[in-house]
Structure formats: structure tokens, C-alpha cells
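Visitor: Sequence:
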Amino acid sequence: MSHLKSFLKGVALGGLVGVAMGLFNAPKKGAEMQKDAKKVIKNISKKGKEMKKEIEPKIKKAVKDSKKLADKAKKTVKKYKKINGTKR
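Under UniProt numbering, the sequence shown has 14 at position 14, and the numbering climbs by one with no breaks.
Treat the hints loosely; a few may be bogus.
Said to hold, decoys possible - In silico DMTMM-like links for lysine to aspartate or glutamate, alpha-carbon gap of 20 Å or less:
hint, residue 1, residue 2
1, Lys9, Glu54
2, Lys68, Glu56
3, Lys5, Glu56
4, Lys46, Asp36
5, Lys75, Asp65
6, Lys42, Glu32
7, Lys5, Glu50
8, Lys81, Asp71
9, Lys60, Asp71
10, Lys38, Glu50
11, Lys46, Glu56
12, Lys61, Glu50
Derived by calculation from the structure, the hints in this document are not laboratory data.
When you get a sec, could you build the whole thing from the sequences and use the hints?
Guide: So, in C-alpha cells, the structure goes:
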């Protein structure tokens, strides 16, 4: 799960940097820019939470399925070694 969190943080940070660059390069007054920045940050936070909520169960399922597949592969290798008499 730590990879997912890192990824989501990176997406959010990249979005914030892009928005900040756009806002600071726009010809607006300071108060107007602050208002716009707050809206954008709130929106990015909301979308990040929605994205996490949508992706997290899929990631958990993929991890669970991968573990099952790895266990199955180990069992298959053990059977193969037993049948062929290999020690490794």
C-alpha cells in the first residue's frame, strides 16, 4: 500500500505545482488569486480522495490475487521437483 500512497501524493503534488504555476502566471489580484488557489486545492484534495477510494480496493484485490498465484506457483515447482527428483 505504501507505493499507492506515494503515487497518490505525487499526483496531488504535481497537480498542485501545475495549478500554482498557472495561478501565479495569471494576471489577477492577490485576493482573487488566493480565492482561486483555495478552490483548486480543495478540488484536488477531493479528487485525490475519490481516486484513492476507487483504486484502493482494486490494488488490494490485485495484491491478494498475486499472493495466491505465487503460492500456486511454489506448489507447482515443489511437485515438479518431487516428480523429477531434483533437490533444488
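Visitor: Each hint needs a verdict: does it hold in this structure or not?
Guide: Checked hints:
Only pairs whose Cα atoms come within 20 Å are accepted, and Lys9 paired with Glu54 is accepted, the gap being roughly 15 Å. Straight-line distance between C-alpha atoms of Lys68 and Glu56 comes to about 19 Å, which keeps the hinted pair within the 20 Å bound. For the hint linking Lys5 to Glu56, the alpha-carbon distance of about 10 Å falls within 20 Å, and the restraint holds. Proposed proximity of Lys46 and Asp36 is supported: the alpha carbons are some 15 Å apart, at most 20 Å.
Distance check on the hinted pair: Lys75 and Asp65 sit about 15 Å apart at the alpha-carbon level, within 20 Å; holds. A hinted pair counts as satisfied when its Cα atoms are at most 20 Å apart, and Lys42 with Glu32 qualifies at roughly 16 Å. Straight-line distance between C-alpha atoms of Lys5 and Glu50 comes to about 13 Å, which keeps the hinted pair within the 20 Å bound. Simply put, Lys81 and Asp71 have alpha-carbon atoms about 15 Å apart, close enough for the 20 Å limit, and the pair holds.
Between Lys60 and Asp71 the CA atoms are separated by roughly 17 Å; this keeps the pair inside 20 Å, and the hint holds. A threshold of 20 Å between alpha carbons decides the hint, and for Lys38 with Glu50 the separation of about 18 Å falls inside it, so the pair holds. At most 20 Å may separate the alpha-carbon atoms for a hinted pair to count; Lys46 and Glu56 meet this at roughly 15 Å. With a CA separation close to 18 Å, the supplied pair Lys61 and Glu50 stays within the 20 Å bound.
Comparing the model with each numbered hint stated earlier shows that all of them hold.
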